[in-house]
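Chains U and D, in that order, give the protein sequences.
Here the first sequence stands for residues 268 to 692, where the numbers follow my numbering.
Here the second sequence stands for residues 289 to 549, where the numbers follow my numbering.
Honestly, I wouldn't trust all of these hints.
[Said to hold, decoys possible] With beta-carbon atoms standing in for the labels, derived distance ranges: (1) Ser322/D <-> Glu683/U: 48 to 54 Å; (2) Asn388/U <-> Ser292/D: 57 to 63 Å; (3) Leu464/D <-> Asp664/U: 21 to 27 Å; (4) His332/U <-> Ala334/D: 23 to 29 Å; (5) Glu432/U <-> Gly509/D: 38 to 44 Å; (6) Pro445/U <-> Pro349/D: 31 to 37 Å.
[As the list claims (entries may be wrong)] Partial list, computed: chain D residues near chain U (C-beta under 7 Å): (7) Tyr339; (8) Pro443; (9) Glu446.
No wet-lab data here; the hints were simulated from the structure.
Every residue gets a Cβ at the ideal spot worked out from N, C-alpha and C, and that includes glycine.
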Amino acid sequence: MIFFIDETPKDVPGEATEKKEIKKSGDSINLTNQLEKMTGQEIVPRMTLTETKLLHLWEEILEIHDIALDDDFFLCGGNSLDAISLLVRIQREYQISLAADTIYRYPTIRSQASLVAENINKLNNYHRLIVPISQVGRLPPLFCVHPIDGWIGHYRDLSAFLNREQPVYGIRAQGWEPTETPFQSIQEAAREYILAIKTVQKTGPYHLLGFSGGAPYVYEIALQLEKNGEKTAFLGLIDTSAPAPEVQTYKNVTRLFSPSKQPMKIPSVVYWGFKRLKTWSIAHPDNMIYVSLVRLIRTSSGTLNRVLVSESHSNPESPVSFASDVEESRIARFPENQRPLVRSIMKNVLNYTPLDYSGDMIFFSTGPDTVFHPGDPTRGWGNYVKGSLIVITVPGDHGNLFSSPYCKILAEKIEERLLMTDGYQ
Amino acid sequence: MDTSKILQQCLHHHIHTSGSSYPSTGSMRFQDFSPDSIHMWSVRYASLDRYFPLLSTLVSPEEEHKAAGFKKSDDTRRYTLRQGILRVILGQYIQEDPEKIQIVRKKSGKPELHLDGRYSDVRFSLSHTDEMVCLGITLSCEIGLDIVKTNSSIPFPEIEHYLFTVGERRWIEQTLPEQRSLQFFRIWSLKEALLKATGSDATMMKEADVSGIITERFLNGFYTIQLGEKEFQFFICESDCGEGHHCVIASCRNEKINPEG
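So that you can see chain U by itself, here it is in the shape it has in the complex (with noise of 0.2 Å):
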């Protein structure tokens, strides 16, 4: 016969616990020896469910059996790079942020568990969408929206040059988890992102930021905020440019011809052809000709817009696409099981079209949009920013700024309007 008895509870309250038999290490020996003793049979103590998931992971990583709660993580045979393998399984499996030296500084299971129970109730308050980056600090909180590649990464780099006083939230993209169905438009995602925003920040004033992907995104949450009459403090874009209002002048053309009223692909020539023109404009950024012609296709574009429109704001039901070779080659270098959701934001922000925002707007920006914006330091967001519209040149480009050195920089940058605006001083 064998006797259960609860060790102190280490896990999420209320999580049950688990019937697994564990080797006795530490203190717990002393006391199961005891009782071993007084009652002449075998004592096995009982694990948390976190333990035992714990105690997988490790068996699985170091590719042993027989682990104790309290053995020493680096006793049983890992390495730095067991370590890291481990932290970025816990993480994944917990939907937790954790520091790079998390396993030296808990090095057993017992450690590691109350570690990830401490971050879970944490997380319990929040949305699921919410990745809590710091969490500590006095300052109004800054939610960063994850960019096309639906994850947080970037914002964790970025926080470790902010403020400590800055508490920092990741919002992921939905779909993240094979389980999740990805949001079909901005505007659906914003919504449920401002109830995620809403588990840490009951009430404004907001501090938003987007980089690339995710500066629309940011910028519709501030929009549907203004519209409900909340406040944002601080809205934040990184090096993204508005999108051009000749997407929507496309879907709304090729609807006019299409049989099945639903707008055509954007086929590969007319992609490969920006990409072209994007070098060419690189090159000759002031020339007058170019320029006047991307004015004159905006203003007419407008205007077919105003007569053609049949939906002001983007309908997911009738997206724009790019022609499938050209989709594919943009989400190549993304691992294969994160695709499906890169595809999905891609189209999301293809398929976007911003309405007038009357708030104020920081824009960081790493250089002119020549192609799509030629002579416009906004970068087209002048046109849909109705208060004050701040744009900052960061050094770097869209591929290295959250890269030492241009990172520490764009921190000091983003720091700096932050003090300015209200809840800090």
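Keeping the supplied structure of chain U fixed, place chain D upon it in accordance with the hints.
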């Protein structure tokens, strides 16, 4: 005790200087040690096994205690072998009996040769896999060495995402698919070596951006790398030190060694 036989029979000894690496045949004494060079020793545990009885007598009581704490007997054996062979190699350099060699841990956790205040400028770094152990030795500058097995199965994309910079990830992506796993391990071991050399912890891994120096060819030379607030000048040498293994040595050239550690 004649341990020179072990060195001759089992270990590979290479000398790395900027632009060249060659097997050593000459002197193994610090008096003849060129300040610009790094000596690297590598050995497979399998070839040391028969010397276990001898090597196990060389470890300190603390090391014996640590060895006993390993979960797997293989880990205990490997730990004992590498601590023993470390003393044999260092003993050759200073012409002392290996059992007289004392290794102490500095505040930073780095090991240091302790011999009545002598040889305080000697720096070494030990790294191992479950098959091999590698040792790098240099004078007057901090050193970090890392060896990895390039056939490990690990969650590459997630680790890349977590610890590699955008530039490093891009560099891996632009290489041929069959090369990517090796490139991952090259960057990983390079970063590990840099962190060891500077006494930094794992949280600095993403800070050590090597995307600006990594090339298709193995690195061998002087490189400048920004690590956090500081710019470091490193002598870096990569080598393929055995089937399925990759090794990187980095020695920090603009940082004077810190005896307090």
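Original post:
Which hints, by number, does the structure contradict?
Top reply: When the structure is compared with the hints, numbers 6 and 7 turn out to be violated.
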